[in-house]
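Asker: Each chain is listed here by its residues.
There are 2 protein chains.
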Amino acid sequence: MSRAPSDLSRLFDPRGIAIIGASTNPTRIGGQPVRYLLDYGFKGGIYPVNPKYQTVAGLRCYADVTAIAGPVDIAVLAVPAAEAVAAVAACGRKGVAFAILYTAGFAETGAEGARLQVELARAAEAGGVRIVGPNCQGMLNLPKRMFLGFGSIFQISDLRIGPVSMATQSGGFGFSVVLSIEAQGVGFQSAISTGNEVGVTTPELFAAFVDDPETRVIAGYIEGVADGAALMAAGRKALRAGKPILLWKSGNTVRGKEAALSHTANMTGSYDIYRAAFAQAGIIEVKDIDELADYARAFATGRLPAGNRIATISISGGAAILHADRCTELGLELPRLDAATKEGLRKVIPSFASAENPVDTTATVFNDVRMFTEAIELVLSDPNVDQLAILAASMMGEIAATCMSAVATAQRRFEGKPILVTWTGRRERAEEAYRLVEEAQIPVYTSPVRAANAAAALARFAGYRRRQAEVEPRATESRAPLPPLPAGSGALDEAASKRILTAIGIPTPREVTVAPGADPVAAAAGLAYPLAVKILSPDIAHKTEIGGVRLNVGTPEALRVAVGEVQGAARARAPAARVTGTLIAEMIGDGAEAIIGVIDDPVFGPVVAVGLGGIFTEVLHDLSYRVA
Amino acid sequence: MSRAPSDLSRLFDPRGIAIIGASTNPTRIGGQPVRYLLDYGFKGGIYPVNPKYQTVAGLRCYADVTAIAGPVDIAVLAVPAAEAVAAVAACGRKGVAFAILYTAGFAETGAEGARLQVELARAAEAGGVRIVGPNCQGMLNLPKRMFLGFGSIFQISDLRIGPVSMATQSGGFGFSVVLSIEAQGVGFQSAISTGNEVGVTTPELFAAFVDDPETRVIAGYIEGVADGAALMAAGRKALRAGKPILLWKSGNTVRGKEAALSHTANMTGSYDIYRAAFAQAGIIEVKDIDELADYARAFATGRLPAGNRIATISISGGAAILHADRCTELGLELPRLDAATKEGLRKVIPSFASAENPVDTTATVFNDVRMFTEAIELVLSDPNVDQLAILAASMMGEIAATCMSAVATAQRRFEGKPILVTWTGRRERAEEAYRLVEEAQIPVYTSPVRAANAAAALARFAGYRRRQAEVEPRATESRAPLPPLPAGSGALDEAASKRILTAIGIPTPREVTVAPGADPVAAAAGLAYPLAVKILSPDIAHKTEIGGVRLNVGTPEALRVAVGEVQGAARARAPAARVTGTLIAEMIGDGAEAIIGVIDDPVFGPVVAVGLGGIFTEVLHDLSYRVA
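Protein chains in written order, with the working numbering: chain A, 1 to 628; chain B, 1 to 628.
Keep in mind the hints are simulated off the structure, nothing from the lab. Positions of the beta carbon are idealized from the N, C-alpha and C atoms, including for glycine. One or more of the hints may lead you astray.
[Stated by the list, open to error] Label pairs and their calculated CB-CB ranges: (1) H621(A) x G463(B): 47 to 53 angstroms; (2) P507(B) x D519(A): 55 to 61 angstroms; (3) E432(A) x S381(B): 40 to 46 angstroms; (4) T409(B) x T55(A): 38 to 44 angstroms; (5) E343(A) x L38(B): 40 to 46 angstroms; (6) S381(B) x E119(A): 38 to 44 angstroms; (7) T409(B) x E119(A): 42 to 48 angstroms; (8) G331(A) x D622(B): 19 to 25 angstroms.
Working from the sequences, and respecting the hints, build out all of it.
Answerer: Rendered as structure tokens:
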């Protein structure tokens, strides 16, 4: 399903842009891009296209895209659904590389729209045009001043330029996320909405963002992707480059899936399998806007911890406890500090404070800031510490400036150990302190829980990178081929299944098969009691339910009884089943019952499921997935 | 353990306040309260106490608290730990009702401190003084201008007055939460830190806040309480009054508990049992600052939904999907809309938009705001809808003002159905729109996930209130007394246990007990095959593990074999056990294996645990608790 990554470079650096369906009214959908490209300083060609007008916003307006003389790399299509196919064909004739198609009314509306979408895809393919959309809200590229879309965000010309690029299947939501994150001080390179993804897809864009030297953090919102392998390949590529993909996946519940179908018509798929794929490909899942902003700020620093261990210095015991709770829940390790570190700490912090991790300097820091400064240096020097959380409560004024100066200095000395600050000091009473941490690129969080979440995301990504460095070189190792399955189709009975397991090296219990009517005691002569007795039939998958299993059979006498019972049970409760005999096996002692299955997932292909087996499989759904 | 609620009214309305250990330096801990009380306009008596000074901040300074002539309801104690006991005793002589003791160095520091804390408690009791603290950071009461504490928050005289009161065991953290929430537009009445809780406790304060007519929302941070019953009583009282307690409990992991011990020395206890108690008492648990702020804003409106059903109107399909996902995860119901509602919607929204809940008007609302207005009225009129989420993406300017005017008008018409808005429009570009929703007391959230969380909290609290209204009148119904337990102590065997179950009305299988050596077939003559055969011994709790159980025994012949086997297994694998015989019981068909236990919890007393029984109990820890 996956294909070679396409070249999207002209989508982010077009020589000319045509606006098909351009409007002279700058508040209309066809008028906005013309206005924004002009007003915000786009440097390439701007070509309004609309047979109704001679000029739009003072620019020559073309009757048809093919009438434009200069190169056109992008066409924005603000046309009704019924005209979209013809417009795309015209773009093909002009040699336009990308058509951004706002128009809704395709697969998201039902069968009729789906047919129109197929037509659209054909026209695009025939003309060599790659579609962004349909049913999208356009795109932004801030350094190139490309404001190609409609909606509130395009009115804001001074959006902060920064290290994040985002691809989103939902324009309305995605751009509101961009706004919300930008308001938290995180700048963007690009943000692009893909809607129904007839052409350009989110995984393709993620891969392209990895290649963009200015993008350090990749954000995404998807309802589902058509090509799971492409998503995972983009994840692995991003991981190798050290640029995290922070991905939000929606449409995970029954009602959410329904809503997604009428939204962008992307297949939402199985959430469990998506999550498995994210973990395998090193993609960091996010589940709220603030989480995305928090992680983006942590990753934008470029600092990653060497391991899973985090230390905390807090001026508030309460914050330290919450932070410790949350770190523990997220699987971070709170290491004990070295004896030397603790000894050093005891010399600087009060006797009633805590010199163990989490270090609690207590609020007496307000009387003696020096202890705070020294504690930071001591803890960062400790070899057991991979990253450091500073919990600064709501310090303000002079004290805040002194403390944050110490934090900034320490971060510069220990670049390999990320510092994350939790702090709710009011900005207007701590301007200098905020300036210091921002200059040092230290992320500040408003709660110890959010800081712990971000620290865990850093550690997780760093862990993914270590695993990748270890596993990828081994990926080409050859393995012995698996034995062929028996000819024919359908379910195998237990004995045939076990023969295959044995052939591939998975041990099974010693056992014999007894034909109906044969003497079980003689057949079991070579086995050690106690024994398990099971009905053998390709038609009986759940043997226990029909009374077809007897365990812990201790004597030959009991064996005869048990074989008679399971055969009798099968005759009584599964009269239609083909019974091939009785399986007699040695009992296995302690061990966990496991289920292993393979799912052919429409998005990700073959997926292996492993979980708690036996009678609880269906009740507990305790399954873990891996994309094969 | 629980005692009658004490009278804390003078703590929030003192006639006079003494500051023991007052300092002439307004930046010192003993100087701050004097300064703040004077500067911020406290109307009662202000009495600095310190033998070193004649005056502090222009006020007469007393050598001893007993030298003050006027009434003193509160003394703030900024003294070393070694002087605390004497200072409290002096307060007792003066008749001071409450001593706010900042000082650390008590139970949180170990055995020596714990002894000092006991002494302190004795002095307080002897003098009739109730201690707030020790190891606390003081308190705030904004309407009374009581700024009695140290730390950054006390420097901010213009903290917004509003409907929230907070009690926190951690001053540093609690006050930083207050600041953070206040910055989100939520005002406070009181905020008080209780530290080690030698005297005044968080549950007591929660109960007092319920009685405060100006407090509509109660917030709390605890590491643990000594008196679980008092906490639950406060929760039920708050529930009756319709004032939610939004409670954050920390110290829930091993490292968190350790940190709590050296912080306020409150017993953190079992988190699972706390959570059960919260649910039983109608307390809403929160796990982050933003969550607390979000819920506070939702509850401050005073509007509660009548049921669990939520409808959504979104201008962004993506936001609608996320909202639907999150609502579903949280157990909210997304009802289908009435046919009439859908018919009405189809007339106003575009053909490619969704007229099913979640209603997606799509971004075309930017071209036609009227559809939005009409959709709101239609959906709120639907009898299947208990509350409404409006997802407004980042609309700004005129459109935002028109839309939010419609939202505000609709909320006034449908007061019984709370509206929660998700919106990231920039304030400076939507001043009028923000003013309109704020005037109408409609909470605004920056993400659909946070709005869904808040909606679920409203629904949960409303559900607790319905349950309380239903259950409390029944609480006095008399029940038949339980039969006495057999004399003596120790574990009962299975047969004796089942006799007790039968006596209290829980059915058990028909069964017989066979003495060792007796004929099992004759004994089981009255039972229907298949049978279960189990070893009977008060010393063998886990019968399966020693091979002491045989199930599905189908014939008299097999029964003899089975009884011999389980007796043999017990002899071989539990030779020291007293075997009283064999239990032969009829097999029970379908049914779930359950475990029921009672825990004597140090905080909450007897707690019943119910869960999945059998061999998975220990593996899965799938237990549910109820405080008895």
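Asker: Could you run down the list of hints and mark each one as holding or not?
Answerer: Hints versus structure:
1. H621(A) x G463(B): 47 to 53 angstroms: Distance hint for H621(A), G463(B) is violated at roughly 26 angstroms.
2. P507(B) x D519(A): 55 to 61 angstroms: 43 angstroms, violated
3. E432(A) x S381(B): 40 to 46 angstroms: 55 angstroms, violated
4. T409(B) x T55(A): 38 to 44 angstroms: The hint (38 to 44 angstroms, Cβ to Cβ) holds, given that T409(B) and T55(A) are roughly 42 angstroms apart.
5. E343(A) x L38(B): 40 to 46 angstroms: Holds: the Cβ-Cβ distance is about 44 angstroms, inside 40 to 46 angstroms.
6. S381(B) x E119(A): 38 to 44 angstroms: 40 angstroms, holds
7. T409(B) x E119(A): 42 to 48 angstroms: 44 angstroms, holds
8. G331(A) x D622(B): 19 to 25 angstroms: Check passed, 21 angstroms falls within 19 to 25 angstroms.
In summary, the structure is inconsistent with hints 1, 2, 3 from the numbered list given earlier, while agreeing with the others.
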